[in-house]
Amino acid sequence: DTGVSQDPRHKITKRGQNVTFRCDPISEHNRLYWYRQTLGQGPEFLTYFQNEAQLEKSRLLSDRFSAERPKGSFSTLEIQRTEQGDSAMYLCASSPNRGKNTGELFFGEGSRLTVL
Amino acid sequence: GENVEQHPSTLSVQEGDSAVIKCTYSDSASNYFPWYKQELGKGPQLIIDIRSNVGEKKDQRIAVTLNKTAKHFSLHITETQPEDSAVYFCAASTTGTASKLTFGTGTRLQVTL
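Chains A and B, in that order, are what the protein sequence lines are. With the numbering used here as the guide, the letters of the first sequence map in order to residues 1 to 116. With the numbering used here as the guide, the letters of the second sequence map in order to residues 1 to 113.
Bound conformation, chain A alone:
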């Protein structure tokens, strides 16, 4: 399967703990995005990378959240000192280089976080 891969698929943690999610985009896609989706809502933009550069961050991304894409390939999203309000599905997506970019985002299946 050469789609976007996310790990873990499910994470249950206690309030105050740190969690990290990993996303492996489709190879050769230089753009990578993180979105958050809560129950019954549409995905909300968090941040996006072009190669290793983080080009935009939403104000939803508080200082407890940090995303990295150190080598321009996989990305990690870390949430420190988790709160119950962080419970959501964290979706990763990728898209190809500008010349091949039709606008389509290719989403992974998401990492569901439950904070107790």
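FYI, nobody ran anything at the bench for these hints, they're computed from the structure. Computed from a predicted structure; not experimentally measured.
Below, simulated BS3-like cross-link-like pairs (lysine-lysine); rule was C-alpha separation at most 30 Å, straight line: (1) K14(A) x K42(B); (2) K42(B) x K57(A); (3) K100(B) x K71(A); (4) K42(B) x K11(A); (5) K71(B) x K57(A); (6) K68(B) x K57(A); (7) K100(B) x K11(A); (8) K37(B) x K68(B); (9) K57(A) x K100(B); (10) K57(A) x K37(B); (11) K42(B) x K71(A); (12) K57(A) x K22(B); (13) K11(A) x K37(B).
Residues from chain B that keep clear of chain A, each with C-beta distances beyond 10 Å, as calculated: (14) E56; (15) K58; (16) K68.
Some residues of chain A that are not near chain B, with every Cβ distance over 10 Å (derived): (17) T13; (18) R22; (19) I26; (20) E28; (21) S66; (22) K71; (23) E83.
Think of the CB as a built atom: it goes at the ideal place given N, C-alpha and C, for glycine as much as any other residue.
Since the structure of chain A is already known, use the hints to place chain B on it.
Relative to the frame of chain A, chain B by itself:
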């Protein structure tokens, strides 16, 4: 920032009937409007999109219309089939690409036999 409203939140149709989902957006600078389908336990998948330089686009049983003046766009599914049952999201972007999409709240479509 951009705000996208989507209606209805749930829609039930009989197999073979048509389904219409409507969205409005607030930012007149938005110029890219995709529709995504999300099945249970999966990530959203693009089904069709439209840019602000066209008013309508069709792909087999799916069509999207855009009214820039009124700032609304709609998804039309004809001859619905059970496999069309899913949650559908509209979205808008001001960049012309998908770099920062604002999504609607979704429509749960159920196609009954």
